[in-house]
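Construct the complete structure from the given sequences, taking the supplied hints into account.
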Amino acid sequence: MVGNGGAGGTGGTTPEIANGGNGGAGGNAGMLAGNGGSGGDGGGTIGGVTGANGGNGGNGGMFFGSGGDGGNGSVSATDNGGNGGNGGNAGLVGNGGNGGAGADSEFDGGNGGNGGSAQLIGNGGNGGNGGASVGLAVTAPAARPAPAEH
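So the sequence shown is numbered by the UniProt record's numbering: it starts at 1 and just counts up by one.
If you're looking for bench data, these hints aren't it; they were derived computationally from the structure. Note that the coordinates shown come from a computational prediction; the quantities given were computed from them, not determined experimentally.
Quick list of the computed label-pair ranges, beta carbon to beta carbon:
#1 ASP79 to GLY3: 33 to 43 Å
#2 VAL134 to LEU32: 39 to 49 Å
#3 SER133 to PHE63: 40 to 50 Å
We treat Cβ as the ideally placed atom computed from N, Cα and C, and that holds for glycine.
What follows is the structure, given as structure tokens:
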């Protein structure tokens with residue numbers, strides 16, 4: 001009934017010519033109150049085919065709680081970048097989660113995730129940035145720090 005959703009895990013990496021795993025979705029908060037968990041980042045790929053997608057943020061509780069942030073997409077050196085996850089929606093009072101960033105890529109950059117919605121009192125989340133198409137300048141992704149709590 002009351003409590004925060006857990007964060008989604010990061011997708012696994014691969015050094016092969018294959019795709020990294022997608023990030024897990026953040027858990028939804030308890031029914032009445034609590035914050036949604038953040039979505040995990042997509043896993044990196046070194047020789048990768050397509051970047052992995054970030055997980056979606058969990059939704060906040062019905063009355064009080066903020067949505068979790070979406071995870072970031074992972075870089076691909078040989079194909080399209082992964083998409084950012086969507087931010088979770090807030091309860092009646094709380095902020096929508098921010099969308100994750102799309103990854104840079106040799107070809108098409110990944111799409112940024114959508115920001116989560118607020119309902120009565122609170123701010124809507126920001127949409128994530130889209131990834132750039134940067135040609136052969138793409139390198140293997142670095143790990144990002146854990147997202148800040150709302």
